[in-house]
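Chemist: Protein chains in written order, with numbering that gives the first Met the number 0: chain A, 0 to 217; chain B, 0 to 213; chain C, 0 to 407; chain D, 0 to 388; chain E, 0 to 202.
Treat the hints as calculated values from the structure; they're not laboratory data. Do not take every clue at face value.
Unchecked claim - When the alpha-carbon atoms are kept at most 16 Å apart in a straight line, the in silico EDC-like pairs for lysine to aspartate or glutamate are as follows:
no., chain 1, residue 1, chain 2, residue 2
1, D, Lys-252, D, Glu-287
2, E, Lys-14, D, Glu-205
3, E, Lys-70, A, Glu-197
4, E, Lys-14, D, Glu-207
5, C, Lys-344, C, Glu-184
6, E, Lys-148, E, Asp-120
7, E, Lys-92, E, Glu-177
8, B, Lys-160, B, Glu-28
9, C, Lys-167, D, Glu-51
10, E, Lys-7, D, Glu-207
These are the residues of each chain, in order.
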Amino acid sequence: METAEQIRDRLLARFPGAEITVVTNPGLSAQHSLLLGSPHARAIAQFLRDDPTLRLDQCSNVTGVDWPEKEIIDTVKVTVPDPAGGPPKVIEQKNKRLTPAYLEVVYHLYSIALRHGPVVIRTRTGNRSDQVDVPSLTPVWRSCEFQEREVFDLFGVSFSGHPDLRRILMWDGFKDYPMRKDYVDPDDYEWEPTPHDEVLARAKVHYPATPAAPEPKA
Amino acid sequence: MPEDAAPALTTAERDELRRQGILLTSISELYNWGRSNSVWPLNFGLACCAIEMIAASMARFDIARFGSEVFRPSPRQADLLIVSGTVTKKMAPQVVRLWNQMPEPKYCIAMGACAISGGPFKQGYNVLKGIDRFIPVDIYIPGCPPRPEALLHGLVELQKKIRGEKLSGPGAPRHLQPDNDCTYPVPEFGEHDLEPPRNPAVWQPPILTRPDKA
Amino acid sequence: MPPAPIFATLDPDRAFLERAPLLVRDFVTGLFPPSLQWLAGNLLAVVVIVLFFASLFALLTLAERKILGRIQNRPGPNRTGPAGLLQPLADAVKTLVKEDIVPRAADQVLHFLAPVVLVSLALMAFAVLPYGRHLVPVELDAAVLYFFAAGAATELAVFMAGWASRNKYSLLAAMRALAQLISYELPLLLSVVPVVMLAGTLSTTGIVAAQAGWTYGVIPHWHVLTPWGAAGFLLFFVSALAESNRSPFDLPEAESELIAGHLTEYSGFKYALFFMAEYFGMTALCGMGVTLFLGGWQAPCAFLEFIPSYAWFFAKLLLLLGVFMWIRGTLPRLRIDQLTRFAWKFLVPLALINLGTAAFWQLSAGWSGPALQLARWLVALALVAGPFTLLGRRLSAGVAPRTYRYAA
Amino acid sequence: MLASGSAAAPFSSASVRPVHDEFHGDLLEVSMGPHHPSTHGVFRMMVTLDGETIVRLKPVFGYLHRNHEKLGENTTYLGSMPYTDRLDYLCSMTNNWAYALAVEKLAGLVPPERAEYIRIILAELTRLINHSGLIGFLMQDTGCSGTPLMYAFREREKVLDLFEALSGSRMMCNYQRFGGCRVDLTPAWVDSARRLVDAFPRFLDEFEALLTGNEIFMARTQGVGRLSPELAVNAGLTGPVLRATGVGHDLRKVDAYGLYPRFDFRVPIGAHGDTYDRYMIRVLEMRESVQILQQALRDLPAGPIMDPKAKLRGLRPKAGEAYGRIEGAKGEIGFFLISDGSPNPYRYRIRPPSFINLTVLEDLCLGHTVADAVIILGSIDIVLGEVDR
Amino acid sequence: MLGSGIIKGLAVTAKNLAGSFHDPARYVTQEFPEVQPQLPENSRNFPFLVADDGADPMGTLRCVACQICEKECPPQCIYIEKSKDKKPDAAGKLQLYPAVFAIDTSVCMSCQICVEVCPFDAIKMDQVFAIATTDRFNGLLLNREQLAKSNQYYHSIHPTEATEVDARLAAERKAAEEKARAAAAAKAAAPKPAAPPPPQPPA
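I would like the entire structure built from these sequences, with the hints used as guidance.
Modeler: This is the structure in structure tokens:
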């Protein structure tokens with residue numbers, strides 16, 4: 000099967016204006032993926048499905064991934080000319096920056112007819128709050144129907160063009176997106192005999208304020 | 000029998016009362032014997048433990064020996080609610096509703112860690128931390144999942160409990176107390192959690208004291 | 000008013016055991032003043048039937064659970080009382096003390112009436128069965144008609160229950176019950192017509208009497224041992240399964256589809272009444288089957304006549320009930336359209352053809368000699384087997400075991 | 000065989016007549032579940048009926064959504080292993096394997112040969128109990144009074160005895176580890192497994208005598224819930240449901256994971272894609288599994304059962320992502336893991352076969368009756384622990 | 000012919016019905032309260048703490064409160080508090096011990112990971128399953144005293160494994176002793192021989 004780069008090149012030839020990036024996977028599986036820009040995503044998906052050399056007729060797995068903004072410290076070496084006129088010094092400068100926050104949807108595509116795969120494609124939302132639209136691939140692969148609903152339910156990605164985008168696992172009136180990294184679940188820690196760490200901190204709210212009561216069993 | 004309430008009884012009256020007591024005792028014995036030997040569970044499986052519950056009704060373990068193989072699919076004909084598995088917050092209202100639909104006298108077994116406390120899934124955002132937050136539970140069977148034998152043991156314990164019940168007096172079971180309509184409020188879906196998240200009339204955990212760990 | 004003959008008169012040639020029930024009856028009615036003896040006799044019959052069949056019902060529930068258990072490699076109820084014999088009593092106590100719930104939306108009157116009507120109708124059918132040589136509670140000329148009229152009405156009670164419950168599952172069950180009633184009443188009756196035709200009477204005692212005697216003392220003259228009788232018996236049996244809502248025709252209370260069907264909203268003793276009525280109906284239909292096709296209370300061989308007739312009747316009855324339970328332990332359920340198609344396209348034509356077979360059998364009764372006898376049997380068997388095969392092929396068209404390929 | 004030209008994914012007929020219609024009367028809306036004897040747990044179907052015919056069916060999920068993926072992201076790689084037991088709680092061994100496979104891809108571990116054999120033995124035993132149990136449940140839905148289910152569970156108990164003797168638990172085995180298995184097989188275990196496997200075809204014969212030729216069963220299942228291969232592939236179906244439509248897609252052959260290429264077995268495929276085919280495919284797969292088991296138990300090599308590089312605690316795979324999938328009893332069970340180099344996975348995603356197989360439920364049920372919907376659902380073989388996770 | 004499949008099925012059930020009376024393979028029920036199940040050695044239910052001496056379980060717990068199991072426990076059902084003082088273990092080395100060791104059996108998922116990660120063979124899996132209770136809070140939270148079981152008990156439920164563990168511990172102890180002896184010998188070779196004081200159990 001073609002590599003991700005080859006597929007990208009072929010796709011760029013076919014869809015000249017499309018944004019297609021190869022996202023490298025640093026892991027041992029080295030399964031690189033194609034990041035598709037929203038405007039062309041569905042057309043590209045359909046091409047991938049119908050292209051005779053690829054024929055990715057099965058969309059096996061649809062996943063959401065939450066990438067909140069993360070502080071990254073880049074260490075850059077900067078050459079600073081010595082004001083005293085000496086030789087320029089090389090000092091390390093630490094630049095803090097925030098990675099952009101976005102939600103990502105990952106599709107694993109396989110070909111049953113030609114028995115190859117996977118080709119991994121990804122789409123990304125603009126941010127995590129108001130630009131959460133990505134095109135739905137359900138019109139291309141029916142198997143995305145429930146899985147995209149699940150991503151919508153748990154991550155809050157809104158799939159435009161999905162025929163029936165409702166919450167699927169949580170109830171309809173639920174307001175949160177529980178799979179996001181910053182989700183805080185409701186407090187019901189009033190009986191936690193074996194709490195740890197974060198749970199301990201939350202459970203303590205329910206304990207009486209007796210400081211360091213003697214252990215009864217000792 | 001409120002004995003201290005009638006201090007001025009003659010011996011004859013006392014004997015009469017005792018005789019009634021004996022009659023009452025044998026009636027209550029028959030009553031309890033019948034109920035304890037004909038516990039029909041609701042055909043209601045939730046998760047993994049349901050498979051062990053089914054296994055308990057299968058040939059190897061055969062819950063029928065205790066007269067309990069009649070798994071009724073309709074709550075109207077069931078005596079026992081085996082909460083066999085994780086009760087999620089989405090499912091909790093239906094479980095409470097089923098419990099309300101069952102006719103008294105009814106019993107509840109919380110089978111497995113999830114039904115008791117949420118078990119391994121208790122940290123989950125959609126998992127109810129124990130069905131006893133909403134309905135009264137008679138027998139707790141720990142295990143994940145409990146073996147079918149453990150369920151049978153729980154059933155035997157429940158039979159013991161039923162046989163020990165008294166027909167009258169302050170120790171009478173829930174269904175024989177006159178001012179009890181035996182319905183439990185069904186929680187509703189809220190924006191973040193169930194509303195209310197617990198039924199304080201049923202769920203009364205003891206206060207935990209713990210020295211500061213850190 | 001002279002005392003009406005409740006039972007046929009005593010046959011003095013009979014052994015003591017054979018006469019025992021009559022002697023008991025006479026003793027009890029003798030305790031009453033003569034003017035009330037007819038009433039006492041009737042009441043006694045009612046009480047005996049209710050008590051007897053109620054305890055038979057209790058035993059049957061236990062037997063069913065035990066037989067199902069044994070089929071499924073397990074013992075079944077065995078610890079309530081010795082060998083589990085008190086299990087029905089425990090169930091009875093339990094159902095009696097259960098809370099009785101009537102849904103707020105239900106039709107209160109009909110919801111209450113349905114089980115009562117059902118049980119009383121099911122009980123009525125017992126009045127005309129000949130349990131022994133002289134044991135017929137009510138000797139009616141049109142006993143067969145009466146029996147099926149009472150039996151058909153039970154389905155209406157099922158409909159009543161389903162409709163009154165105001166539950167969607169119950170409503171579906173009620174619809175199914177009616178469809179089933181309309182479909183299976185016809186083959187059931189048609190399968191009985193040949194018996195009535197050949198016996199020349201609608202009276203159950205008359206029909207049993209028509210099956211009296213043995214060839215060589217060992218081959219009884221039961222209807223089931225003739226070609227038309229065997230076919231008729233099978234038709235009757237299948238229709239009876241459907242009529243009593245038993246597996247594989249238990250569609251109204253189809254547990255896996257409709258929760259408990261028309262019983263969904265019934266609790267406590269009302270539910271027990273439904274259960275009881277189901278068993279009563281099943282018992283009555285089996286009793287009718289025994290009467291019509293299996294020689295009633297007749298012994299299978301002449302030398303076994305020393306065993307009292309009612310024992311034979313109940314032995315055959317229990318055998319048939321056992322087959323009901325065996326079938327329940329084996330077969331899956333039909334779908335409603337298949338059920339009706341089976342009735343209209345298979346059972347009804349077969350029953351009609353069977354009428355012709357029976358007519359032929361009757362017409363050829365005078366044929367004598369081995370060659371003619373053989374011809375008579377062959378023709379009759381062909382008349383039974385031919386339509387069965389042809390109609391069966393049409394019915395199961397497109398349904399066959401398949402062979403499978405393997406992927407490369 | 001597979002159409003590739005159609006522009007859009009096939010959908011169930013959208014033109015369903017409205018609930019109120021002055022010519023036909025009202026339609027009946029029935030909520031089947033989450034408490035219903037035949038929804039295999041707490042599944043719910045909103046069914047709209049015209050008489051008894053289904054004109055609309057909307058599945059409702061989430062009644063067993065126990066936040067498996069969230070818990071998996073909050074615990075270590077090892078800590079998720081016992082949770083995978085509880086995904087598809089009938090097949091803990093295959094779930095373990097799929098998860099172990101994904102982590103092995105991520106962390107670069109290779110299980111030794113003996114461990115691969117053990118995995119195959121346990122996976123095929125799991126397939127046997129899953130399929131026979133499923134057929135039992137299916138027959139329960141068809142209206143049998145428990146008999147086939149009892150026979151299936153009679154055999155299942157024997158396999159569970161083996162699982163318990165090996166792993167310590169009947170259902171929640173928690174047996175596979177990254178890079179191998181936890182406990183080694185003893186010769187006595189292998190002997191009893193061999194006895195069980197050799198006796199299994201006799202059980203299958205009896206099972207088939209009870210069911211396969213039964214006219215009522217055939218009438219109930221043949222032609223009911225037909226599925227076209229195009230729709231099946233497009234809707235992402237896998238496992239016996241896909242193979243019943245005639246698509247010979249079996250990951251044991253396609254991915255050739257583990258040591259499956261060494262084994263001689265065939266992949267049965269159906270021609271009609273109906274409920275009867277789905278039943279028969281499972282029966283035939285059990286027979287093939289018996290073949291695999293016999294070969295595996297015969298050729299079981301000696302040797303270590305753990306990759307020497309593997310360590311139990313403190314697994315911190317290199318940042319990256321991996322998707323591992325195997326052919327579970329219900330279809331393709333996959334785990335998609337994203338590592339950020341910490342002890343917990345950054346993203347832990349399960350590809351649940353029975354959830355995705357339910358995509359076509361409405362298509363299968365439209366035009367059939369309630370009774371058919373129940374057995375169609377039964378023949379898809381869902382386990383709610385996996386559907387809702 | 001129509002009906003042949005049904006008759007075949009009926010024959011199967013009849014065979015089982017008859018077989019249940021004479022064939023043990025067709026009558027598989029184990030009547031539980033009377034017949035206790037034969038649990039295989041590996042069988043597991045809830046963890047317990049191994050104490051070397053059954054007479055003094057609290058004094059001879061193998062657990063040294065290292066809290067590895069507490070951290071690794073997937074459902075986090077173990078709660079340990081370290082002691083303030085130290086006690087000598089079986090090898091005579093001074094070790095911490097758990098002042099509080101609680102397992103919430105209403106949460107435990109019997110996964111055995113605590114047993115696998117324990118470097119001291121201090122926590123093992125019990126096989127008791129008949130523990131249904133009516134006591135929600137105190138009946139299900141097991142404390143140190145309820146968890147401690149003797150090594151003999153461990154031998155009785157997991158004989159093979161316990162023998163292996165004992166052999167390994169003995170070997171480790173021997174190695175430790177030899178190391179100590181070698182160290183002592185080395186010290187004795189040194190000019191100022193001062194034998195290490197024998198470990199005294201604290202009062």
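Chemist: State for each hint whether it applies.
Modeler: Right, here's what the structure says about each hint:
1. Lys-252(D) to Glu-287(D): holds, 13 Å
2. Lys-14(E) to Glu-205(D): Holds - the C-alpha atoms of Glu-205(D) and Lys-14(E) are around 10 Å apart, at most 16 Å.
3. Lys-70(E) to Glu-197(A): holds, 13 Å
4. Lys-14(E) to Glu-207(D): Measuring from Cα to Cα gives roughly 14 Å; hence the hint holds.
5. Lys-344(C) to Glu-184(C): At roughly 14 Å apart (the allowed maximum being 16 Å), Glu-184(C) and Lys-344(C) satisfy the hint.
6. Lys-148(E) to Asp-120(E): holds, 13 Å
7. Lys-92(E) to Glu-177(E): holds, 14 Å
8. Lys-160(B) to Glu-28(B): holds, 13 Å
9. Lys-167(C) to Glu-51(D): holds, 11 Å
10. Lys-7(E) to Glu-207(D): Since the Cα atoms of Lys-7(E) and Glu-207(D) sit roughly 10 Å apart, the hinted pair holds (cutoff 16 Å).
In the structure shown, no violation is registered for any of the earlier numbered hints.
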